[in-house]
Amino acid sequence: MADTDVRLQPRKKGLTRRQKRSLSRGAQYVVFVGAVIAFAVSADWDRLKNQFAQWDIAKEMFPDVITLALKNTVLYTLSGFAFGLVLGMVIALMRLSSVGPYRWFAGVYIEIFRGLPALLIFIFIGVAVPLAFPGTEIPGGTYGKVALALGLVAAAYMAETIRAGIQAVPKGQMEAARSLGFSPARAMVSIIIPQAFRIILPPLTNELVLLFKDSSLVLFLGVTLEERELSKYGRDLASQTANSTPILVAGLCYLLVTIPLGFVVRRMEAKAQEAVR
Amino acid sequence: MTGTAEIQVRGLHKSFGDNEVLKGIDLEIGRGEVVCVIGPSGSGKSTLLRCVNLLEEPTKGQVFVGGTELTDPDVDIDAVRRRIGMVFQQFNLFPHLTVTENLTLPQRRVLRRGKAEAAKVAAENLERVGLTEKAGAYPASLSGGQQQRVAIARSLSMGPEVMLFDEPTSALDPELVGDVLAVMRMLANEGMTMMVVTHEMTFAREVADRVVFMDGGVIVEDGVPAQVIGNPSHERTRHFLSRLLDPAMADVEEEISDQNGGDSD
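Here the protein sequences line up with chains A and B, keeping their order.
To convert, note that position 124 of the first sequence is 124 in the working numbering; the numbers rise steadily by one, no gaps.
Here the working numbering = 1-based position in the second sequence + 277.
Source of the hints: derived by calculation from the structure; they are not laboratory data.
In this text, a Cβ means the ideal position worked out from N, Cα and C, and glycines have one as well.
Among the hints, a few may not be true.
Said to hold, decoys possible - In silico contact screen, one side only, chain A against chain B (beta carbon under 8 angstroms); selected entries:
id, residue
1, 173
2, 175
3, 176
4, 178
5, 180
6, 182
7, 183
8, 185
9, 186
10, 195
11, 198
12, 202
Claimed, not checked - Quick list of in silico lysine to any residue cross-link-like pairs, SDA-like style, CA-CA up to 25 angstroms:
id, chain 1, residue 1, chain 2, residue 2
13, B, 337, A, 71
14, A, 171, B, 354
15, B, 392, A, 174
16, A, 49, A, 244
17, A, 59, A, 271
18, B, 392, A, 189
19, A, 171, B, 521
20, A, 271, B, 420
21, B, 337, A, 175
22, A, 171, B, 392
23, A, 271, B, 293
24, A, 171, B, 293
25, B, 392, A, 194
26, A, 171, B, 360
27, A, 171, B, 334
28, A, 171, B, 355
29, A, 271, B, 421
30, A, 171, B, 336
31, B, 411, A, 172
32, B, 411, A, 195
33, A, 171, B, 372
34, A, 171, B, 350
35, A, 171, B, 418
36, A, 171, B, 385
37, B, 392, A, 209
38, A, 171, B, 476
39, A, 171, B, 333
40, A, 271, B, 355
All chains, please: the whole structure from these sequences, using the hints.
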């Protein structure tokens, strides 16, 4: 038989394939464990604890860190997401339009707002808009400004996601709808977009996580005490107490939201995979 | 026949870029007539069918359905399409809707029917195709044959005067073809005007009033099934039928350059 022949051949020098593989895996474990131990030993945990984990200071932050800071973070994020979703939908449809200038405008918009750091957009909204249009107030005060700034950035990303989702719906769906007498616009709204959204729900939720973090840029708009969100609140408290514990607590508050959201995204992706089959 | 022509195609040309797929088609289908269009792949038969409800825009020529010219630039194409049912090879059911919603949503959005009326029409048509018990199911949970019958019921719910079938059984497993053909046969017996692009020769022979054989973008032969299938007068028809009826006996052939699929020239 074929494999007995192989075994009967004289063994070549050196390690077998299996031995090589287990040796390589063992080396990887050793490097990893070694790095963790080296890090743990060399860090000065007492000083870290002193600076970042003062239980008294952490306790002082509650309930404000939740009822004020986290609440504002969530509000900023959701308003920015809502505005970005609407604008992103408009840009996506313009990008797919048969009207040339619409496509052109949408393309330029996406390139600009995807290419600029969100920070610059916030500064622009905070400084340039009041300069350019003196006397005009962005409705909603700080909330309106944040929704505008976050939404402008988010729209660029979401427009590309939505466009991809619309194009991922099979061509036959539009043909079936048109052959039933749907107008192009009505087919888009009733048939194509609902299917596109099922496809892009995971990436859209990811965008929500990104916005959640970008909402920290609000501090460049200049906010009142009641309008502070997690990062600004944490920083302010850190300088008041001359201790970094508030930063750690604020960070944990972010994770409190982003980790469950990430879990939801993975669940949705798994479900979407299942539905395609 | 001219007075009651339900579908009328005059001097139809269609090109995709440099590729001329339809090279001057003239065809009339009378009210209540069932016409099967057969021919090799790339012969333009599906394109012709898609031109009849303007899913493809003809390059030249006219298409009339029920006396309305679809190729008139001022025609309300959505209004005309409501009278033309279309069944696709790939079913194209709306996957995010249940079977019943697939049937009711177009009625409500396009025909502006009320909820109760749409549901009633949907139930009637589901019963006609024998799928009442699948009313609440999603398309993905149905077999191909069931999906195609739902697709037919969806078209029928719009109350069409004409039904177009684009290879309705080509994507089905062989044992599921019969159910779909049975529904189509029922429609034919009820007097529906039907234009069917198909490879099902038995269906064409038994159900069709006329069979049209297309090759290379033209109609080669047009007549009663007994003549076109049973005793074709053209060599191309005979050749096609012999390959279709006994594919195992076919010889290896040179690609013919006027066929759509090849890039042989």
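Quick one: which hint numbers does this structure break? Sort them smallest to largest.
8, 12, 13, 17, 19, 22, 23, 37 and 40
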